[in-house]
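> Each chain, letter by letter, is given below.
There are 2 protein chains.
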Amino acid sequence: MSKAIPASVTRLIEAFAQLPGVGNKTASRLTYFLLRAPAQLSENLAQAIAELKSKTRLCSICFNITEEEPCAICADPQRDASQIMVVEEPLDVLAIERTGSYNGRYHVLHGVISPRDGIGPDQLKIRELIKRVQAGSVTELILGTNPGLEGDATAMYIKSELDAAGLHPRLTRLARGLPSGADLEYADAATLTRALQGRQSL
Amino acid sequence: MSKAIPASVTRLIEAFAQLPGVGNKTASRLTYFLLRAPAQLSENLAQAIAELKSKTRLCSICFNITEEEPCAICADPQRDASQIMVVEEPLDVLAIERTGSYNGRYHVLHGVISPRDGIGPDQLKIRELIKRVQAGSVTELILGTNPGLEGDATAMYIKSELDAAGLHPRLTRLARGLPSGADLEYADAATLTRALQGRQSL
Chain A
1 MSKAIPASVT RLIEAFAQLP GVGNKTASRL TYFLLRAPAQ LSENLAQAIA ELKSKTRLCS
61 ICFNITEEEP CAICADPQRD ASQIMVVEEP LDVLAIERTG SYNGRYHVLH GVISPRDGIG
121 PDQLKIRELI KRVQAGSVTE LILGTNPGLE GDATAMYIKS ELDAAGLHPR LTRLARGLPS
181 GADLEYADAA TLTRALQGRQ SL
Chain B
1 MSKAIPASVT RLIEAFAQLP GVGNKTASRL TYFLLRAPAQ LSENLAQAIA ELKSKTRLCS
61 ICFNITEEEP CAICADPQRD ASQIMVVEEP LDVLAIERTG SYNGRYHVLH GVISPRDGIG
121 PDQLKIRELI KRVQAGSVTE LILGTNPGLE GDATAMYIKS ELDAAGLHPR LTRLARGLPS
181 GADLEYADAA TLTRALQGRQ SL
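Protein sequences appear in the order of chains A and B. Sequential numbering of the first sequence, starting at 1, is according to our numbering. Sequential numbering of the second sequence, starting at 1, is according to our numbering.
Since the hints were made in silico from the structure, they are not lab data. The reader is advised that the hints may include incorrect statements.
It does not matter which identical chain is meant; a pair holds if it fits inside one copy or across any two.
[Stated by the list, open to error] Listed below are the simulated BS3-like cross-link pairs for lysine-lysine, each with C-alpha atoms no more than 25 Å apart in a straight line:
#	residue 1	residue 2
1	K55	K131
2	K159	K55
3	K25	K131
4	K53	K131
5	K55	K25
6	K25	K159
7	K53	K159
8	K25	K53
9	K125	K53
10	K159	K131
11	K159	K125
The structure displayed is predicted, hence computed values, not measured ones.
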């Protein structure tokens, strides 16, 4: 960049631009915003970033991100331990928790099988999931990986591993169909096909 | 937020969400990205943010952001000191520098007169600009405030202040017209009117 920009400004622009969805222009805008904003705001942000990794870890049971061991959900006796929802990422746990309509436990795989990205089953928390089911109290696994090629393949892989281990909990997938508020006219064919196949009697 | 999220994660999500253009969803995505990314990346970002304010200041001549006093542009004897481009924000300096077609100096107002936001001339670096012109060597002021009501009003205010001080450098405004690559069909009426008024002979 030109010498119109001091090194410390360039450095922050470059650091922001490493974040997903943040291009060079957005990175500049964020940096110059912080330059003008009260110092407190920068201090908070810097400290929150610095503490993020040092204070958090993965729960040894469900592998969600937590500050305590085990995490609040695994430690909660009110949550149904016979039901485990298997999801790809910690953000998925958040999304499900926001619905307020699930009271079981979770298992975070930390990714999905993706030969394209060189990610195989061993890089995911699948072995740990099988062990949780082997331990005995689980009666249903909701395979909540994303609907799509990789999520479907990962769900199928988990099913085959359970079969191979002689484990037969109830296995379910989240329903597919039209999203709430959707317009049939604009729905893609795959979604409409799923909606038809999964139609429910009134 | 729910107890599915550790406090340190919530804290960073909230800090990110203070940034302009970053909503709660983007803030979550950035936070969970940092959780997965190498620690080096978070450390760089936290340090860059922390150092941003401590290492930078405003140049006492042009009020651009700088680490040295005066800034690199004001200190550069190759830059034409008889020409000053007056801009609203440090980012505008960047934009002009990127063109590589300006070799004068700058003056950053740090805003624009905006009664709506309670910003009057005294909160801008206008008095300092008049003093620079009074000092003598300036022969042209390019009033590079944004084209629009507030930018135009600020430019007019500067002109009247110069007149009142008996100062008469050449005053110019950046040309208005169609942006490069624009399509007449989609241009707004104000832009087209300006493009017509400012038409140039071939």
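> Now, for every hint given, state plainly whether the structure supports it.
Checked hints:
{"no.": "1", "hint": "K55 with K131", "result": "neither (27 Å within a copy, 52 Å between copies)"}
{"no.": "2", "hint": "K159 with K55", "result": "neither (35 Å within a copy, 56 Å between copies)"}
{"no.": "3", "hint": "K25 with K131", "result": "neither (47 Å within a copy, 33 Å between copies)"}
{"no.": "4", "hint": "K53 with K131", "result": "neither (27 Å within a copy, 50 Å between copies)"}
{"no.": "5", "hint": "K55 with K25", "result": "between (32 Å within a copy, 22 Å between copies)"}
{"no.": "6", "hint": "K25 with K159", "result": "neither (45 Å within a copy, 32 Å between copies)"}
{"no.": "7", "hint": "K53 with K159", "result": "neither (33 Å within a copy, 54 Å between copies)"}
{"no.": "8", "hint": "K25 with K53", "result": "between (27 Å within a copy, 20 Å between copies)"}
{"no.": "9", "hint": "K125 with K53", "result": "within (20 Å within a copy, 42 Å between copies)"}
{"no.": "10", "hint": "K159 with K131", "result": "within (14 Å within a copy, 77 Å between copies)"}
{"no.": "11", "hint": "K159 with K125", "result": "within (14 Å within a copy, 68 Å between copies)"}
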